[in-house]
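Sequence lines, in order, name chains A and B.
The opening position of the first sequence corresponds to residue 1 in the working numbering, with each subsequent residue numbered one higher.
The opening position of the second sequence corresponds to residue 1001 in the working numbering, with each subsequent residue numbered one higher.
Hint data in this document are derived by calculation from the structure and do not stem from the laboratory.
Note that the structure is a prediction, hence the values are computed from the model and not measured.
Every residue gets a Cβ at the ideal spot worked out from N, C-alpha and C, and that includes glycine.
One or more hints might be untrue.
As the list claims (entries may be wrong) - Computed footprint of chain B on chain A; a stretch qualifies when at least three of its residues, placed anywhere within it, have a C-beta under 8 Å from a C-beta of chain B:
id	region
1	26 to 34
2	58 to 65
3	90 to 96
4	115 to 122
5	134 to 146
6	169 to 183
Claimed, not checked - Selected chain A positions facing chain B (in silico; Cβ < 10 Å):
id	residue
7	P49
8	R52
9	N68
10	A69
11	I70
12	T198
13	A200
To be verified - Pair by pair, the computed Cβ-Cβ distance ranges are:
id	chain 1	residue 1	chain 2	residue 2	range
14	A	T21	B	H1114	41 to 47 Å
15	A	G37	B	D1060	35 to 41 Å
16	A	E84	B	I1025	45 to 51 Å
17	B	H1114	A	Q141	41 to 47 Å
Protein chains: 2
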Amino acid sequence: MLRLYDFLESGNGYKVRLLLTQLGIPFERIELDITRGESRTPDFLARNPNGRIPTLELEDGSTLAESNAIQWYLAEGSELLPAERMERAQVLQWMFFEQYSHEPYIAVVRFWAHNGQLEGREAEVEERRRRGYEALFVMEQHLGTRDFFVGGRYSIADIALYAYTHVCDEGGFDLAGCPSVRSWLERVASQPGHIPITQA
Amino acid sequence: MLRLYDFLESGNGYKVRLLLTQLGIPFERIELDITRGESRTPDFLARNPNGRIPTLELEDGSTLAESNAIQWYLAEGSELLPAERMERAQVLQWMFFEQYSHEPYIAVVRFWAHNGQLEGREAEVEERRRRGYEALFVMEQHLGTRDFFVGGRYSIADIALYAYTHVCDEGGFDLAGCPSVRSWLERVASQPGHIPITQA
C-alpha cells in the first residue's frame, strides 16, 4: 500500500490526501509533527533529504517528494490530468505559480499565525501579505472568465491552488475583492469525493 | 517561430534559451529589462498576468509562463525528458525543489548583488545564504552517488538546477564544500550544444 508522510495542518499534504481520496487509491497516512522536528529525524531524512512533508513512499520503498510532483505521478492517466500537450504544460504553469508566487506568502503567513509567530516580524508579514494578494488577484483575473484553471475542467492545478487559498483567512487574507476566486472555491469543494483539510 | 520573452541575466530565462538551443528549435528572443519594469507593462501583462520572464509565445499567439513548465512543454518526446513514470515524477520533484528551496535563496541573493541591493538587508541576506547552502548540500548528497539528477542521464532537471547553481558565486556562495556539485557542473557544461548564460 502507498504510504503518505503527512502533517494534518499542511495544505501541501492536503493536496495529496485529497487527490488520493478522489482517485480512490488506498493509502496509509503517517502523521509527522513538523513543528516538533519530526520531519528532520535521521529516519525521515533517509526518505527525503530535504526534510519536508508530504513525501510518498511506494510499495517498493522508493520515495517521491514535492506535493505537486506527487500529484503529477498519481494523476497521470486519470481525468484529473489533461492529455493534451499545452494543457498539461498549463497545469504545470499553475502548479509552479502556486509554489513560487502563492505558497511562500499565503501558506507561510498562515503557518506563523497558527504557531504564534506573527509578532516581532510585522514588516515581513506585511510584505508577504502584499505578495499574497498579488497572487490572489492573478487568480481572480484568470478565473473571471473560467470555471477552472485549465481546460474548462477540474484538475490537479485546481487542487494545488485550492489547498492554501481556501484557508487563506487563517493568515488574515480577505477574499472580499475576489468574487471569482470565491465561486471557484465552491466549485472545487463540490467535486465528487471532496474531503476537508481537517480530515485525515 | 517561437518567441521567448527573456532577460539575459536571468537563470530562469537561461534554462529555456539553453534547452531550445540543445533541442535545435529556432526562436526569436525578446529582451525585457525587468529591472526597469519592462515585464510589468500592459502589453506584457496581457501575455503573462504574473508579469514574469521567461514567457514563451507559440505560433498561434498563446503563451506559457514558468521556466520549468516551459521546459516540460519543449522537452516532451525528447531525450531530455525521461519516458518512465517514476523518473518523470522525479524530474518534477527536482524542478519544484529548485523553485521552492533553491531559487528564492541562491538566485535572489545574486539578483540583489547584481543590483547593489545587498546593503541594508544584511539579516535577510544571511538567512537566505543559510537556506541556499541547505539546498546546495541536498544537491551534494544526491550527486555524491550519481552523475545526473534523474535516471543516470542529462535531463531538464539538470538544466533547472544548473541555471543558478553555476553562477552562485555571484551571490557570494562558495562551492568549496560541494565537490560532487562541482563535478556535475562540469558534466552539464560539457553536454553537446551547451551555451553560456551570457549568450543571447
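Hints, one by one, checked against the model:
no.: 1; hint: 26 to 34; result: violated (count 0)
no.: 2; hint: 58 to 65; result: holds (count 4)
no.: 3; hint: 90 to 96; result: holds (count 5)
no.: 4; hint: 115 to 122; result: violated (count 0)
no.: 5; hint: 134 to 146; result: holds (count 3)
no.: 6; hint: 169 to 183; result: violated (count 0)
no.: 7; hint: P49; result: holds, 5 Å
no.: 8; hint: R52; result: holds, 8 Å
no.: 9; hint: N68; result: holds, 6 Å
no.: 10; hint: A69; result: holds, 4 Å
no.: 11; hint: I70; result: holds, 7 Å
no.: 12; hint: T198; result: violated, 25 Å
no.: 13; hint: A200; result: violated, 24 Å
no.: 14; hint: A:T21 / B:H1114: 41 to 47 Å; result: holds, 46 Å
no.: 15; hint: A:G37 / B:D1060: 35 to 41 Å; result: violated, 50 Å
no.: 16; hint: A:E84 / B:I1025: 45 to 51 Å; result: violated, 20 Å
no.: 17; hint: B:H1114 / A:Q141: 41 to 47 Å; result: violated, 31 Å
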